[in-house]
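With the hints as constraints, model all of the structure from the sequences given.
Just so you know, the protein sequences line up as chains L and U, in that order. Yeah, the first sequence ends on 259 if you go by this note's numbering, and it's all consecutive. Yeah, the second sequence ends on 518 if you go by this note's numbering, and it's all consecutive.
No lab work stands behind these hints: they were computed from the structure. Since this is a predicted model, take the numbers as computed values, not measurements. Don't be surprised by glycine CBs; every beta carbon is placed ideally from N, CA and C. Treat the hints with care, since some could be wrong.
Derived pair list, reagent style DMTMM-like, types lysine to aspartate or glutamate, alpha-carbon separation capped at 20 angstroms [to be verified]:
{"id": "1", "chain 1": "U", "residue 1": "Lys466", "chain 2": "U", "residue 2": "Glu450"}
{"id": "2", "chain 1": "U", "residue 1": "Lys464", "chain 2": "U", "residue 2": "Glu444"}
{"id": "3", "chain 1": "L", "residue 1": "Lys207", "chain 2": "L", "residue 2": "Asp192"}
{"id": "4", "chain 1": "L", "residue 1": "Lys153", "chain 2": "U", "residue 2": "Asp314"}
{"id": "5", "chain 1": "U", "residue 1": "Lys310", "chain 2": "L", "residue 2": "Asp60"}
{"id": "6", "chain 1": "U", "residue 1": "Lys310", "chain 2": "L", "residue 2": "Asp66"}
{"id": "7", "chain 1": "L", "residue 1": "Lys205", "chain 2": "L", "residue 2": "Glu185"}
{"id": "8", "chain 1": "L", "residue 1": "Lys2", "chain 2": "L", "residue 2": "Glu131"}
{"id": "9", "chain 1": "L", "residue 1": "Lys2", "chain 2": "L", "residue 2": "Glu233"}
{"id": "10", "chain 1": "L", "residue 1": "Lys207", "chain 2": "L", "residue 2": "Asp219"}
{"id": "11", "chain 1": "U", "residue 1": "Lys412", "chain 2": "L", "residue 2": "Glu23"}
{"id": "12", "chain 1": "U", "residue 1": "Lys468", "chain 2": "U", "residue 2": "Glu492"}
{"id": "13", "chain 1": "L", "residue 1": "Lys51", "chain 2": "U", "residue 2": "Asp291"}
{"id": "14", "chain 1": "L", "residue 1": "Lys51", "chain 2": "U", "residue 2": "Asp314"}
{"id": "15", "chain 1": "U", "residue 1": "Lys302", "chain 2": "U", "residue 2": "Asp291"}
{"id": "16", "chain 1": "U", "residue 1": "Lys302", "chain 2": "U", "residue 2": "Asp478"}
Some but not every residue of chain L turned toward chain U, in silico, with C-beta under 8 angstroms [said to hold, decoys possible]:
{"id": "17", "residue": "Glu71"}
{"id": "18", "residue": "Gly79"}
{"id": "19", "residue": "Gly215"}
{"id": "20", "residue": "Ser218"}
Partner residues aside, some chain L positions facing chain U, computed with beta carbon under 8 angstroms [stated by the list, open to error]:
{"id": "21", "residue": "Ala91"}
{"id": "22", "residue": "Asn105"}
{"id": "23", "residue": "Leu135"}
{"id": "24", "residue": "Asn138"}
{"id": "25", "residue": "Lys153"}
{"id": "26", "residue": "Leu156"}
{"id": "27", "residue": "Ser245"}
{"id": "28", "residue": "Leu247"}
{"id": "29", "residue": "Ser251"}
Protein chains: 2
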Amino acid sequence: MKPSLKIIKIGGHILDDSKAKKEFLTQFAAIDGLKLLVHGGGKSATALSKKMQLDVQMVDGRRITDAQTLEVITMVYAGKINTSIVSMLQALSCNAVGCTGADANSIQSIKRPVSDVDYGFVGDIQKVNSEYISLLINAGLTPVFSAITHNNKGQLLNTNADTIAASLAKSLAEIFDVTLYFCFEKTGVLEDKYDETSVIKIIDKAKYKGLVKSGIVSDGMLPKLQNCFDALENQVSKVCIGQPSMLSDHSNNYTTLTL
Amino acid sequence: MKPSLKIIKIGGHILDDSKAKKEFLTQFAAIDGLKLLVHGGGKSATALSKKMQLDVQMVDGRRITDAQTLEVITMVYAGKINTSIVSMLQALSCNAVGCTGADANSIQSIKRPVSDVDYGFVGDIQKVNSEYISLLINAGLTPVFSAITHNNKGQLLNTNADTIAASLAKSLAEIFDVTLYFCFEKTGVLEDKYDETSVIKIIDKAKYKGLVKSGIVSDGMLPKLQNCFDALENQVSKVCIGQPSMLSDHSNNYTTLTL
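Below, the structure is given as structure tokens:
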């Protein structure tokens with residue numbers, strides 16, 4: 001039997017709020033067993049870009065990443081946010097290690113080809129090298145990935161944190177029994193986006209198609225759920241979406257996805 | 260017999276010059292055997308501080324580190340510089356991993372006590388946990404440390420890169436046969452600081468005392484050499500000071516320190 005591994009993606013809104021961040025990290029540190037954390041951190045990067053008088057350009061919620069923006073993102077994600085999370089987790093007796101995809105070439109990407117939109121230095125993941133990551137995990141360490149990868153030719157690339165979490169989950173599912181959690185500020189996938197009590201508890205593929213058709217699942221939730229089903233189709237055991245409280249064993253108010 | 264390990268500290272001036280940086284990393288990547296890199300990156304942090312309209316205060320060449328300055332330093336050292344070095348080394352087939360002292364609590368410090376000067380969030384190293392570092396090295400990986408440590412209570416601390424290199428060398432000397440290299444823009448310790456050909460080839464403790472007395476060793480070179488002798492007195496086999504060319508086996512134009 002494969003050992004269990006929990007992979008948790010934490011959303012930017014929670015990291016932007018220092019109280020919510022501390023609560024989340026306390027919950028994360030308390031999880032028994034093997035675990036791995038993935039984070040982005042959109043708002044801080046936007047704030048620093050503005051302070052440095054750089055234009056912030058978004059298309060469909062995705063950041064256009066020119067060379068200067070990539071520098072800001074690298075500083076904020078891999079520097080400020082990642083290092084502070086690792087230090088806070090250490091204080092909570094969680095033996096964390098900060099990572100980017102460049103470390104040990106653990107996540108290799110290619111620069112997204114230019115089509116209608118030129119996203120700039122944005123990476124599409126090609127390959128996860130799970131050897132390094134499992135070395136850390138098997139030594140009792142907790143990897144904390146920021147949303148930076150590279151092309152293995154010296155170019156860093158801004159990469160969607162949801163996609164990183166799903167790609168790590170798929171790759172590590174060969175070695176571990178992986179549950180993937182997407183933690184964000186909402187209680188889960190909602191029937192009515194204005195009603196936090198309208199969580200859809202279970203979504204299978206048929207239900208998902210219906211939700212897309214009816215428009216209940218749209219915008220940013222679409223690629224998130226696509227990532228989830230992709231993970232489930234690649235040996236990941238379980239995918240959950242909701243607030244950090246779902247990480248405790250007592251909560252059942254979140255969305256679980258199944259094939 | 261202990262396996263050989265080369266610990267290399269690279270100075271900020273070399274990293275500030277993109278051509279010199281690339282040359283250094285090419286030389287570093289070509290070193291056979293086990294190795295570890297330590298870097299700071301002073302000028303970039305000053306440039307970003309100015310861009311963000313923060314005051315830059317230095318006392319005796321050391322940076323006063325208030326909360327905002329610490330954030331800048333963390334972003335520049337652990338984010339921008341470290342991540343880019345790791346990615347460039349990967350492109351040169353050197354299997355690098357970026358580290359701060361917070362990772363696996365590898366370098367634990369205390370905030371420097373306030374005396375005549377309040378340096379702010381500056382760390383004095385208390386303890387190196389060599390277990391994590393040797394896990395990486397023994398797996399064929401090359402740790403790349405930026406000059407950030409923490410107090411294991413959630414506080415990151417700006418820490419002198421020379422001291423980090425010397426502390427890592429002393430701690431790892433229990434497991435490895437360590438040679439410590441301080442690479443900077445000068446050819447070594449100079450008899451006449453305006454004459455790059457006046458390198459003092461060998462300095463022992465008696466000679467060092469004479470150089471301090473005569474004022475030939477002063478300012479920033481004083482703590483650097485003190486760190487070197489401290490390392491030699493703690494099982495480190497050899498300490499060398501000079502330009503990156505000393506890393507190749509053919510050069511002999513640098514300073515070697517002995518007890």
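Verification of the supplied hints:
For a cut-off of 20 angstroms, the pair hint linking Lys466/U to Glu450/U stands: about 12 angstroms separates their Cα positions. Of the pairs offered as hints, the one joining Lys464/U and Glu444/U is violated, with about 24 angstroms between alpha carbons and a cut-off of 20 angstroms exceeded. Taken as a hint, the Lys207/L and Asp192/L pair is honoured in the structure, with Cα atoms around 15 angstroms apart against an allowance of 20 angstroms. The suggested pairing of Lys153/L with Asp314/U is violated, with an alpha-carbon distance near 37 angstroms, which exceeds 20 angstroms.
This hinted pair does not check out: Lys310/U and Asp60/L have alpha carbons roughly 30 angstroms apart, beyond 20 angstroms. Taking the CA atoms of Lys310/U and Asp66/L, the gap is about 18 angstroms. The hint holds against a cut of 20 angstroms. The suggested pairing of Lys205/L with Glu185/L is violated, with an alpha-carbon distance near 24 angstroms, which exceeds 20 angstroms. Of the pairs offered as hints, the one joining Lys2/L and Glu131/L holds, with about 16 angstroms between alpha carbons and a cut-off of 20 angstroms not exceeded.
The suggested pairing of Lys2/L with Glu233/L holds, with an alpha-carbon distance near 18 angstroms, which does not exceed 20 angstroms. A hinted pair counts as satisfied when its Cα atoms are at most 20 angstroms apart, and Lys207/L with Asp219/L qualifies at roughly 17 angstroms. A threshold of 20 angstroms between alpha carbons decides the hint, and for Lys412/U with Glu23/L the separation of about 16 angstroms falls inside it, so the pair holds. Taking the CA atoms of Lys468/U and Glu492/U, the gap is about 16 angstroms. The hint holds against a cut of 20 angstroms.
Note on Lys51/L and Asp291/U: the hinted pairing is violated, with a Cα-Cα distance of about 44 angstroms set against a maximum of 20 angstroms. Distance hint between Lys51/L and Asp314/U is fulfilled; the C-alpha atoms sit about 15 angstroms from each other, no more than 20 angstroms. The straight-line distance between the Cα atoms of Lys302/U and Asp291/U is roughly 30 angstroms, outside the 20 angstroms bound, and the hint therefore fails. About 18 angstroms separates the Cα atoms of Lys302/U and Asp478/U, which keeps this hinted pair within 20 angstroms; it holds.
Checking Glu71/L against chain U by beta carbon gives a least distance of about 6 angstroms; that is within 8 angstroms, so the hint holds. Hint status for Gly79/L: holds, given a least beta-carbon distance of 2 angstroms to chain U, under 8 angstroms. Annotation: Gly215/L was flagged as interfacial toward chain U, and the flag is violated, the nearest CB pair being 39 angstroms apart, outside 8 angstroms. Here the hint on Ser218/L is broken, as its CB sits about 34 angstroms from the closest CB of chain U, past 8 angstroms.
Checking Ala91/L against chain U by beta carbon gives a least distance of about 4 angstroms; that is within 8 angstroms, so the hint holds. Given the 8 angstroms rule on beta carbons, the hint for Asn105/L holds: about 5 angstroms separates it from the nearest Cβ of chain U. Given hint, Leu135/L at the interface with chain U, holds; its Cβ is 6 angstroms from that chain's nearest Cβ, closer than 8 angstroms. Hint status for Asn138/L relative to chain U: violated, with the closest Cβ pair at about 10 angstroms, above 8 angstroms.
Restraint check, Lys153/L versus chain U: the minimum CB separation of about 5 angstroms is within 8 angstroms; hint holds. With its C-beta approaching chain U no nearer than about 5 angstroms, Leu156/L sits inside the 8 angstroms limit, and its interface hint holds. The beta carbon of Ser245/L is not positioned within 8 angstroms of any beta carbon in chain U (closest approach about 23 angstroms), and the interface hint is therefore violated. Checking Leu247/L against chain U by beta carbon gives a least distance of about 20 angstroms; that is not within 8 angstroms, so the hint is violated.
Because the closest C-beta pair between Ser251/L and chain U is about 26 angstroms apart, greater than 8 angstroms, the hint is violated.
Checked against the numbered hints above, the structure breaks hints 2, 4, 5, 7, 13, 15, 19, 20, 24, 27, 28, 29 and satisfies the rest.
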